[in-house]
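Engineer: Each chain, letter by letter, is given below.
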Amino acid sequence: MSVTSRARRSAPPGEPRTIGWLYAAPALLVYGAFLLYPLIRAAQISLYDWDGLTVGTWAGLDNYRQVAQDDGLRSAFGHALVLMVFFAGVPLVLGLALAAVLNRAKVRGLAFFRTVVFLPQVIAMVVVAVAWRRIYAPDGSLNDLLSAVGLGDLGRAWLGDYALALPAVGLIGTWFETGLVTVLMLAGMGRVDRQLYEAARLDGAGPVREFFAITLPAVRGEISVALTLTVIAALKTFDLVYVTTKGGPGNETSVPSYEVYHQAFEVGAVGLACAIGVTLTVVIFAISFVITRLVERGDA
Amino acid sequence: MKQQATIATASAAVTALVLSACAPGSGGDDETGAVATPQAVQTDPAKMGAVTLTVWDQEVRGGGNAQFTQQIAAFEKKYPNITIKRVSRSFDDLTKTLRLGLSSKDAPDIVQANNTRSQMGQFVKAKQLIPLDPWMKAYGWDKRYPASVRSVVSYSPDAKTFGSGNLYGLPQVGEVVGIYVNKSKLTSLGLQPPKDWAAFESSLATAKAKGQTPLVLGNLDKWPAVHLFGVVQGQYVKPDQIRALGFGNAGASWTTPENTKAASTLVSWVDKGYLNKGFNGQGYDPAWQSFTKGQGLYLIAGTWLQADISKAMGSGVEFMLPPPAQAGGTTYTTGASGQPFAITSKAKNPDAAAAFINFITTPEAMRTIAATENLPVVDTADQKAPNPLGQQVFSAFDKTTTTNGLLPYLDWATPTMSDTIGAALQDMLAQKATPEQTLSRLQKDYAAFTSQG
Chain A
1 MSVTSRARRS APPGEPRTIG WLYAAPALLV YGAFLLYPLI RAAQISLYDW
51 DGLTVGTWAG LDNYRQVAQD DGLRSAFGHA LVLMVFFAGV PLVLGLALAA
101 VLNRAKVRGL AFFRTVVFLP QVIAMVVVAV AWRRIYAPDG SLNDLLSAVG
151 LGDLGRAWLG DYALALPAVG LIGTWFETGL VTVLMLAGMG RVDRQLYEAA
201 RLDGAGPVRE FFAITLPAVR GEISVALTLT VIAALKTFDL VYVTTKGGPG
251 NETSVPSYEV YHQAFEVGAV GLACAIGVTL TVVIFAISFV ITRLVERGDA
Chain B
1 MKQQATIATA SAAVTALVLS ACAPGSGGDD ETGAVATPQA VQTDPAKMGA
51 VTLTVWDQEV RGGGNAQFTQ QIAAFEKKYP NITIKRVSRS FDDLTKTLRL
101 GLSSKDAPDI VQANNTRSQM GQFVKAKQLI PLDPWMKAYG WDKRYPASVR
151 SVVSYSPDAK TFGSGNLYGL PQVGEVVGIY VNKSKLTSLG LQPPKDWAAF
201 ESSLATAKAK GQTPLVLGNL DKWPAVHLFG VVQGQYVKPD QIRALGFGNA
251 GASWTTPENT KAASTLVSWV DKGYLNKGFN GQGYDPAWQS FTKGQGLYLI
301 AGTWLQADIS KAMGSGVEFM LPPPAQAGGT TYTTGASGQP FAITSKAKNP
351 DAAAAFINFI TTPEAMRTIA ATENLPVVDT ADQKAPNPLG QQVFSAFDKT
401 TTTNGLLPYL DWATPTMSDT IGAALQDMLA QKATPEQTLS RLQKDYAAFT
451 SQG
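Chains as they are written, first to last, in UniProt numbering: chain A, 1 to 300; chain B, 1 to 453.
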């Protein structure tokens, strides 16, 4: 019996490791070619001053300095944070409430309601944006509705209003994401053992108490997933802003993803666009990391 | 141990990859693509042998597509040895892909590149387009096209000067910003079509006093106000100043009393309620559509809306140039050529490409363009328009080009100006910024670009 064959027999499955790499290789190659390489290349280009046509010149960290110092770009990141509230915060609260009601009330035709709240997710964001642009127009349905109920004075050109354009864009996101969150929460709540509720009820807990004592802790994992998805959606918002406002009025609704497109394809500052993109990637990484840590803590 | 080794190898590989990758843009092919001007230009396509020309165009809309399809069919019929491979994209999509297309190894032969510094200017600077001057002489394009039209497709070879230098493209159609008038509304207000600027402003006041919206604007997309400003600026600022500002050439300034006068005139229109409510939140298309449905007396917009507006309003609408300061004087207004056709430096047979461009811009081609409801860029007044509004548009454009009254789009000036001026005017019209603040914002952008030398 040779040394090698004994070693092989006693080794755990998957050993030696080199064989494992072989199995993973096809996926790794695809991943490397279409994700890692472009990412590294983008990081590299972000260090150059490049117009996309001629040879770039080395710029060092100038592009990143501009991201940090340029008022317009800084406020774009600020707007993304505001959108996070509308895309992630509000839908989470609404979704939890809706799911709790739907789950508890044993609504007839639950599947139907679940489909209805999920429906926005099925529509392409561009279509959503075009529709809402009509709703928000000065002669659009929202203003018609307001005058119909005698609140015509509140009517305005929503997307052209300096104070309200960003919240108006954000509300579209709320409408879009609430369904996703609700369905996720419903799935989570469906897993909860019925006996827990019965026990709580025997102990005299009301619906609110039940929700906070049993339901909320039980869907911790789903909350984490929902927050990660919606926060990333908020940070990478592009189509919505591109179609509804082009970043206007003024620059009140510009967001980082829109700036990436604008700098790269319209202005021809590809280096700066890459720097914004890399910064955005880092921000998304950091926020997702924090969410997973905070929400899933103690879940294990 | 083993895992550490793997990580070390992986990170070494990544580092090597980053270090070995050279500066962006230096991707292999030599950058000395500054094509030497061919000595002798060949002008008989029949003798060029079998050639395939790839053309990237944005003639996707009704009239544009109809005329271009007809032109290609006629060209291929006349010269069976030349095949046209057409790639059509919408204007927006072409803008996004052209940059990559031109720098790729398999670049198209002919492209429609926007005149702006952010497009044609950068392509000229990167030596990706070839100057058309030898063919201009051979085919007599300098006689076919008036100076004001040739200027908007001319750059110096280093692209530092825009508006003069070499010819880099030829347009088929023209554009001019003017005023669409709702005729029945004008009559019901007891007004005559204004012949001078003072009469125009007083007609705005009359319309407002009688409870009508004088001017319709939809500025949600940011750029429409630039055209409105261009018209007012044409009244108060000297044309050569506006040309320097619009072409992004050094030697002019935004912060002058004349520009301030223009900007504050526009703001006073907002103050007096001459514009529809909520114009900053109104889309461009819904705005002109509401004009065709009877909202507003005037619509300041370009000739590109002519076919649609004519269809919707028939004889109820008229097109006129912005009235000059004194009746009968020269009108200066924003306008230009449509997207010019240019030849790339990677074109395999520039002579054949030039022959095709020549073919689609002949007087005969202009007749096809007019017949398909487009605005032919040359010999415009001689063409027969398909409807009365079209005829007014034709004579208006002809008048501006022959009197040299055409002014460049203000957002052509610098690669960033489109965004700067769009946002700045939105702020100004919403009265978030004064005319002075707005102009100094424009000046900052303009000066930063021109000082690069």
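There's no promise every hint is true.
Using 25 Å as the maximum straight-line C-alpha spacing, the simulated SDA-like pairs for lysine to any residue come out as follows [stated by the list, open to error]:
1. B/160 / A/49
2. B/444 / A/61
3. B/125 / A/220
4. B/183 / B/249
5. B/432 / A/148
With the C-beta cut set under 8 Å, the calculated list includes, among others, these residues of chain A facing chain B [to be verified]:
6. 55
7. 193
8. 195
Simulated from the structure, these hints should not be mistaken for lab results. All C-beta atoms in this analysis are idealised placements derived from N, C-alpha and C, irrespective of residue type, glycine included.
Engineer: Work down the list of hints and note, for each, if the structure agrees.
Structural biologist: Hint-by-hint comparison with the structure:
1. The suggested pairing of residue 160 of chain B with residue 49 of chain A holds, with an alpha-carbon distance near 19 Å, which does not exceed 25 Å.
2. Taken as a hint, the residue 444 of chain B and residue 61 of chain A pair is honoured in the structure, with Cα atoms around 24 Å apart against an allowance of 25 Å.
3. Distance check on the hinted pair: residue 125 of chain B and residue 220 of chain A sit about 57 Å apart at the alpha-carbon level, beyond 25 Å; violated.
4. Note on residue 183 of chain B and residue 249 of chain B: the hinted pairing is violated, with a Cα-Cα distance of about 40 Å set against a maximum of 25 Å.
5. Restraint check for residue 432 of chain B and residue 148 of chain A: the C-alpha separation of about 31 Å exceeds 25 Å, so the hint is violated.
6. The closest approach between the C-beta of residue 55 of chain A and any C-beta of chain B is roughly 4 Å, which is under the 8 Å cut-off, so the hint is satisfied.
7. Taken as an interface hint, residue 193 of chain A does not check out: its beta carbon lies about 41 Å from the nearest beta carbon of chain B, beyond 8 Å.
8. A hinted interface residue such as residue 195 of chain A counts as satisfied when its beta carbon comes closer than 8 Å to some beta carbon of chain B; here the least separation is about 45 Å, so the hint is violated.
Comparing the model with each numbered hint stated earlier shows that hints 3, 4, 5, 7, 8 do not hold.
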